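Undergrad: Chains as they are written, first to last, in the numbering used here: chain A, 1069 to 1488; chain B, 1069 to 1488.
Accuracy of the hints is not assured; some may be wrong.
Since copy identity is lost for identical chains, a pair holds within one copy or between any two.
As the list claims (entries may be wrong) - Calculated cross-link-like contacts (lysine-lysine; reagent style DSS-like; alpha-carbon spacing at most 30 Å):
1. Lys1112 x Lys1072
2. Lys1292 x Lys1072
3. Lys1086 x Lys1486
4. Lys1273 x Lys1232
5. Lys1093 x Lys1197
6. Lys1197 x Lys1277
7. Lys1277 x Lys1295
8. Lys1093 x Lys1272
9. Lys1329 x Lys1072
Simulated from the structure, these hints should not be mistaken for laboratory data. Note that the coordinates shown come from a computational prediction; the quantities given were computed from them, not determined experimentally.
Number of protein chains: 2
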Amino acid sequence: MAKKLSRGVAVVGVGMSKFGVFPEKTSRDLFVEAFQELMQSVQKGFNPNDIEAFYMGNFTSDYFENQSHLAPIVANWVGISPAASTRIEDACASGGVALRQAMLAIASGDVDVVLVGGLEKMTDLPGAKVTDALALAADSMFEIPAGFTFPGFYAAMATAYIDKYQADPDALLRVGIKNHENGALNDKAQFNQTIRSVMTGKQKKAEQKGLPIPDWQDEMAFLKDPKANPMIAWPLRLFDCSPVSDGAAAVLLVSEELADKFADEPLFIVGSGQASDGALAERASLSEVPAAALASQQAYEMAGIQPDDIDFAEVHDCFTIAEIMASEDLGFFPRGEGWRAAMEGRTARDGSHPINTSGGLKSKGHPVGASGVGQVVEVWKQMHGLAGERQLRGNLRYALTHNVGGTGQTCVVHIFEKRN
Amino acid sequence: MAKKLSRGVAVVGVGMSKFGVFPEKTSRDLFVEAFQELMQSVQKGFNPNDIEAFYMGNFTSDYFENQSHLAPIVANWVGISPAASTRIEDACASGGVALRQAMLAIASGDVDVVLVGGLEKMTDLPGAKVTDALALAADSMFEIPAGFTFPGFYAAMATAYIDKYQADPDALLRVGIKNHENGALNDKAQFNQTIRSVMTGKQKKAEQKGLPIPDWQDEMAFLKDPKANPMIAWPLRLFDCSPVSDGAAAVLLVSEELADKFADEPLFIVGSGQASDGALAERASLSEVPAAALASQQAYEMAGIQPDDIDFAEVHDCFTIAEIMASEDLGFFPRGEGWRAAMEGRTARDGSHPINTSGGLKSKGHPVGASGVGQVVEVWKQMHGLAGERQLRGNLRYALTHNVGGTGQTCVVHIFEKRN
């Protein structure tokens, strides 16, 4: 049954910090950067005192920064106290769920101007501790004692997918190549270079040092060389995994009636869905993510559109296989066709279904709580012709964001429309 | 400016586990107990599959149970997947804020039937680690390095209050005595005995062991004996502090249109407010909590009523001074009168402004994420004549709940109305 919101909600500004490794900055520092960029992006300007509520996606500042209760602290840091400030935690989907709660709060009639934030500061801990922290997103009673970490989970899903559809594992590498090509054109990306440039960089370095020059003919050869791209958990190699990142992103939402007061060209949130699921072992199939399919159905029904109406999407490519599954869960391609679409370039910027023009989590970075909010930044940029060299051509009307927590215990999908 | 919700929201059922120390149970086990009691309390019955969304207040399962992303796990545990499941974290106000998000989600039109949960499993860690975990609710950059823990924060507030109003510190002890008298009548309370019975119990034990029998004449003498009630941080003694607890609570909300389908006597949420603030050191005064006053003003305006219309309230008495400040922040008594009202019994069950008939956090227990949800359980029980020996007399129409995070960085207030 399609639900209707009591009133409409619009995006009127966005901002983000650079994603990367910033030992000298706290998460609140990074959020200040995002908020300052957001202030600039609101076309008609606004007074921060107008912000009535703040929803902040954050996975586990508890672990990463020894800090819970971070929402009112961050609100105070950017000067919007006493705005009602709430931390939303749904693991890697925290940002997307924060966006959804902000939308619902405005639709409820209680508030008109709401700030959405996402942030995570992950790189202060040593690597093994980061793995421990990320494992908190899985079931600590059943999944973690069984020896799983997240690369292992997604490797199991990739294996099931490849087996079920007799997919070519090269499709995974193609996703990584595409996302790095996009991220190379995004100066906010943690790895803003192509795989080819990584490859030629390594070749040049070898030459300078007088070492034998590896004779990789192309990126595919480079990515298949276990010395260049070591196996993490078969079939996932290093370049199939999104990085550990610091970063923050911010989005300003207002009620539909106020949209024109803030922006010449607001975006409207016309679809939203969220669904949950049990642990991976409880699912009938490992080769798809049911909660993502369900959340997208809810969003399409609310928007009254079909998957083919979506002009471009930012999806949760924590691992390359996740993007392929998402492209099916969201209905862009039939089941079992996602890997082929990736091979054939149909998800590239000039393809029929552009995915992750920002570079995605893979190249842009994955500061967990910020990722779902950062997706909206890319939607705004593409919709307003601000995406520079990675700008999509043609008229853009509908965009979709897809944010996943864990292996799909939480999925949240939003659809945005540009009306003029 | 008073806000109107786009549509009304009703409470149609409640449940809670016993609060206490349960080494053999996880937080999800405790929530199952709360949910089962809730199922029984829904007067006309319901199918758990009707639940579309789940908002779960939890402070830091990250620390206490090595588990983030707990909302979809708990949803799965009680059998309500794929309901959209979201963890809300605002320290000790997590439960009250979860209630508020659930209310806003229904008011938005997106969902009709929403489960609110609150849970915390705190007692698995050794005491010093619990203190570390609770400190995550304060500012880890500025407050914790200055040497503060929560008893210290509230001791500073108590000192400021006593100094400003020349208050009698005995008022603090009176709050504890009253809340234990109420909690002694609540079989869900962690400490369900009066201070007097604690005192006589110690006297009997001494007698049995042939030791000198302490000659405490009354509870006040007992509470002033530093051996019986040691000083924690002046003027707060052991019996001024709420305990470390395990527990869970659950509330079922539905849209106003559906209320009669679920309950013969639904309660309506007619007022809601939430506000944030900076760290304690940034405030103009330590003897009040501005965010609580602001949140209650929002709630009163939404409800269109005055503080004197409230028949009874559950307030956040994490320390006895917090209840006294709350009784002023909420407008029950003028500034500087709260301590006198406590001394004179005006907040007792037979007083003009009954507060914490459940026993409050002090006697009932304070499983952080559950506390704000547990308050609604008491409101339901009192409003439906189910409070047993602690039942308030007379016609009860309006009740208020007040939930505080940290030292007031987050405050959330709700007002409930019984209409028939």
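Undergrad: Confirm or reject each hint.
TA: Hint check:
no.: 1; hint: Lys1112 x Lys1072; result: both (29 Å within a copy, 27 Å between copies)
no.: 2; hint: Lys1292 x Lys1072; result: neither (49 Å within a copy, 60 Å between copies)
no.: 3; hint: Lys1086 x Lys1486; result: within (26 Å within a copy, 52 Å between copies)
no.: 4; hint: Lys1273 x Lys1232; result: neither (41 Å within a copy, 70 Å between copies)
no.: 5; hint: Lys1093 x Lys1197; result: both (19 Å within a copy, 27 Å between copies)
no.: 6; hint: Lys1197 x Lys1277; result: neither (34 Å within a copy, 51 Å between copies)
no.: 7; hint: Lys1277 x Lys1295; result: within (18 Å within a copy, 75 Å between copies)
no.: 8; hint: Lys1093 x Lys1272; result: neither (33 Å within a copy, 59 Å between copies)
no.: 9; hint: Lys1329 x Lys1072; result: both (24 Å within a copy, 21 Å between copies)
Violation of the numbered hints given earlier is confined to hints 2, 4, 6, 8; the remaining hints are satisfied by the structure.
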